[in-house]
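Student: Next come the chains, spelled out residue by residue.
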Amino acid sequence: MRTKSSRRFVLGGLAGVTSLALSGVGRAAPSGTPVRVGSTLSLTGPLGQTALVHKIAGEIAVEMINKRNGFLGRPVEWVLLDDQSKPEVTRSLYENLITVDKVDLIQGPYATAPILAGMGVAQRYQKVYIQSSMGIPKNLTYDMAFPATPFGPEPNKSYPKVLLDAMASTKTPPKSISVLTSKFPSAQFMAEGTRDEAKARGLNVALYLEYEFGTRDFGAIAARVKDANADMLWLGALGLDSNLLLEALRKLDYVPKRHFHLYPAPGPLAVSPDGDLALSSTFLEPAPPFTDRKDVPELAATYKERATKANVPYTDLDAQGAGMYTQWQILEQAVNGAKSLDDKVLAAWLKKNGADTIYGKIDFNGPNNHGPAAQMVKQVQNKKWVVVWPANFAPPGVKLIAP
Amino acid sequence: MPSLTLLGQSLISGVMLGGLYALVALGLSLSWGLLRLVNLGHFALAFLGAYLVYHLGTVWHVDPWWAVLIIVPVFFVFGMLQHWVFVVFRVTELTSLLVTFGISVIVESILQWIWTADFRRYETHYAGVSLKVGPFYVPWLELVALIVAVGLAWASWAWLRWTYVGKALRATAEDADIAAAFGINHRLLSFLLSGVCAAYAAVAGAFIALVSTLAPSQIWAWLGVVFAVVIIGRLGNPVGALLAGILIGAAESLAMAVISPAWAPVVSFTILIVLLLWQPKWL
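Top to bottom, those sequences are chains B and A.
So for the first sequence, the working numbering puts the first residue at 1; every next one is plus one.
So for the second sequence, the working numbering puts the first residue at 1; every next one is plus one.
Careful, some of the hints might be misleading.
Interface residues of chain B toward chain A, partial, derived using beta-carbon atoms under 8 Å [said to hold, decoys possible]:
#1 D104
#2 K183
#3 P185
#4 F189
#5 D217
#6 L252
#7 K257
#8 A265
Going by beta-carbon spacing under 8 Å, a handful of chain B positions derived as facing chain A [stated by the list, open to error]:
#9 E154
#10 S158
#11 G239
#12 R250
Worth flagging that the hints you see were computed from the coordinates, not collected in a lab.
Predicted model, so just to flag it, every value in this text is computed and none were measured.
Built from N, CA and C at the ideal position, the CB exists for glycine as well.
Turn these sequences into a full structure, and let the hints guide you.
Tutor: Below, the structure written as structure tokens:
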């Protein structure tokens with residue numbers, strides 16, 4: 001009996017070692033001429049803060065791809081240039097990447113304006129163009145451009161629905177809303193959608209205001225928000241607008257009952273004394289159930305380490321970093337799935353198969369290659385962002401807090 | 001129709017904002033009016049001051065008021081050195097525009113290199129403190145900025161009006177050769193005034209750090225409105241700069257309250273164009 005079980009143990013061990021060795025063959029270090037993938041990011045200029053998040057996540061993605069099998073067994077080299085947050089520079093750099101550097105493939109940049117600028121060049125040279133931060137999907141008209149983030153084809157409708165559903169689920173659903181937005185195109189577009197959806201649900205839109213991108217002083221705007229005194233404040237904010245407005249409201253001794261922020265700087269808002277219970281949207285946060293997904297724990301841990309080193313104010317992986325990682329996952333699956341570097345072949349493969357990403361399965365079968373929307377609502381709780389809606393995506397023990 | 005409380009609160013916000021505009025405008029107005037140098041570098045210098053106050057406060061935990069005392073003399077010396085460069089290269093009113101634009105770009109790059117393009121916010125415990133006056137709230141930091149602006153504007157005006165140095169500076173601005181014939185050492189005085197303008201940039205920078213968001217590209221965000229303030233207030237007139245700052249700040253805030261925040265940027269230039277067309281005697 002004892003001999004039998006020892007033999008089983010040895011045989012089992014041998015089988016395990018063999019399977020490990022075989023799987024190791026599949027993951028042999030890529031070799032040969034690198035596959036060069038070119039892209040730009042706004043490493044300097046006003047978009048620099050978030051682009052740095054994309055850079056860190058992109059570098060981790062390339063390292064993880066190279067730890068696996070690269071592209072077609074060849075190592076991947078990322079040729080990254082700085083577009084200075086300027087669409088005209090983005091356009092020239094993509095032209096350069098394709099015609100002078102002669103990269104094999106390209107990736108999209110960060111933010112709507114640079115994405116649109118690069119898309120024209122990609123279209124001219126018929127290159128597959130994957131991006132993760134295009135705020136106005138209807139403008140993604142190039143048939144070989146693919147979204148890496150599940151915004152859905154009409155986020156101006158789907159975003160407000162998710163948020164207002166979340167609010168309706170609370171004990172005291174808001175009856176009135178103030179909508180305040182930067183005139184930044186992707187924010188304004190979402191604000192209009194929120195206003196319309198709120199009206200359609202019978203909410204009183206107590207205030208709808210637009211302010212210039214780059215507004216310095218929120219004193220008078222805060223006075224109007226206080227004057228309107230709605231049950232909920234929806235803010236189409238970019239960067240530190242949220243902090244500035246909440247601070248201006250505090251100076252008027254006013255705390256909005258509930259407040260949602262569209263594209264805030266996640267770190268400063270989470271740690272701000274005014275940021276408690278702030279709401280925003282997301283697709284992934286580094287907590288269960290997302291950490292059960294393949295790659296997420298390693299990505300989140302490495303990201304935290306690199307972001308800390310780079311002095312990024314908020315060191316947890318968020319939807320921006322996750323989006324960039326997804327861009328690379330999609331390109332990796334397309335190249336290795338289609339066994340080709342030909343852009344048209346890759347585009348056809350993606351349209352047929354979609355991609356399995358850290359966001360889950362992404363399909364490209366809807367309008368402008370967009371699949372279904374998958375927005376969620378997150379909230380600052382104890383100085384950290386946590387997913388609170390839909391409830392099944394909230395970490396254990398976490399609930400939407402609605403005062 | 002907006003409520004009286006809303007209008008009053010917006011007016012208070014605007015007047016406070018005007019104080020900050022005036023602080024930034026003071027140095028530029030004096031430099032343009034009395035030295036005949038359109039110093040675009042003044043904005044960059046103010047932001048350099050803001051970043052230094054931010055850095056001293058967040059990294060070395062130096063109280064902002066102490067930080068101002070440290071950077072003001074440094075900026076005074078820097079202003080004189082900058083003027084020495086202008087003198088050596090015989091920079092004129094027109095070429096100063098180009099040269100100081102270049103300086104601004106260099107300073108912007110240095111700021112970006114050291115502090116990155118990230119938005120920075122200097123959080124202090126007084127940032128959200130307000131004084132309650134009836135139904136209105138007066139933000140404490142902005143009130144201090146306004147008081148400092150009033151103090152500096154009045155002191156500068158008194159200095160120019162009643163002191164020998166001030167009179168000499170005004171005489172030089174009128175006609176440098178005639179002033180020199182009366183024994184005025186205009187070169188020495190111009191160094192002094194350049195130092196003072198740079199020191200004012202440091203003071204403005206400290207308040208920018210305390211009440212606003214910092215990003216290197218923000219240097220340019222102040223340019224248009226402060227230029228309007230300087231021109232409306234009359235070149236070289238510190239009290240004019242203060243009043244123009246308050247006028248524009250208040251008008252912007254009321255536009256935000258009554259019409260829409262999106263209209264605020266239009267206000268400063270509309271006022272400027274109207275005044276230039278009207279050409280009142282005091283302008």
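Student: A separate judgement is required for each hint: does it hold in the structure or not?
Tutor: Going down the list of hints, with the structure as the test:
Proximity of D104(B) to chain A is violated relative to the hint, the smallest CB-CB distance being about 30 Å (cut-off 8 Å). Checking K183(B) against chain A by beta carbon gives a least distance of about 6 Å; that is within 8 Å, so the hint holds. With a cut of 8 Å, the hint placing P185(B) at the interface with chain A is violated, because the nearest CB-to-CB distance is about 13 Å. A distance limit of 8 Å between C-beta atoms decides the matter here; for F189(B) the minimum to chain A is near 15 Å, and the interface restraint is violated.
With a cut of 8 Å, the hint placing D217(B) at the interface with chain A holds, because the nearest CB-to-CB distance is about 5 Å. Residue-level restraint check for L252(B) holds (minimum Cβ-Cβ distance to chain A is 5 Å; threshold 8 Å). For the restraint placing K257(B) at the interface with chain A, the shortest Cβ-Cβ distance is roughly 18 Å, beyond the 8 Å limit, so the hint is violated. At a threshold of 8 Å, the smallest CB-CB gap from A265(B) to chain A is about 6 Å, leaving the interface hint in force.
Among the interface hints, the one on E154(B) is violated; its C-beta lies about 25 Å from the nearest C-beta in chain A, farther than the 8 Å criterion. Annotation: interface hint on S158(B) violated; nearest CB of chain A at approximately 26 Å, more than 8 Å. Because the smallest distance between the Cβ of G239(B) and any Cβ of chain A comes to about 5 Å, under 8 Å, the interface hint for this residue holds. Residue-level restraint check for R250(B) holds (minimum Cβ-Cβ distance to chain A is 4 Å; threshold 8 Å).
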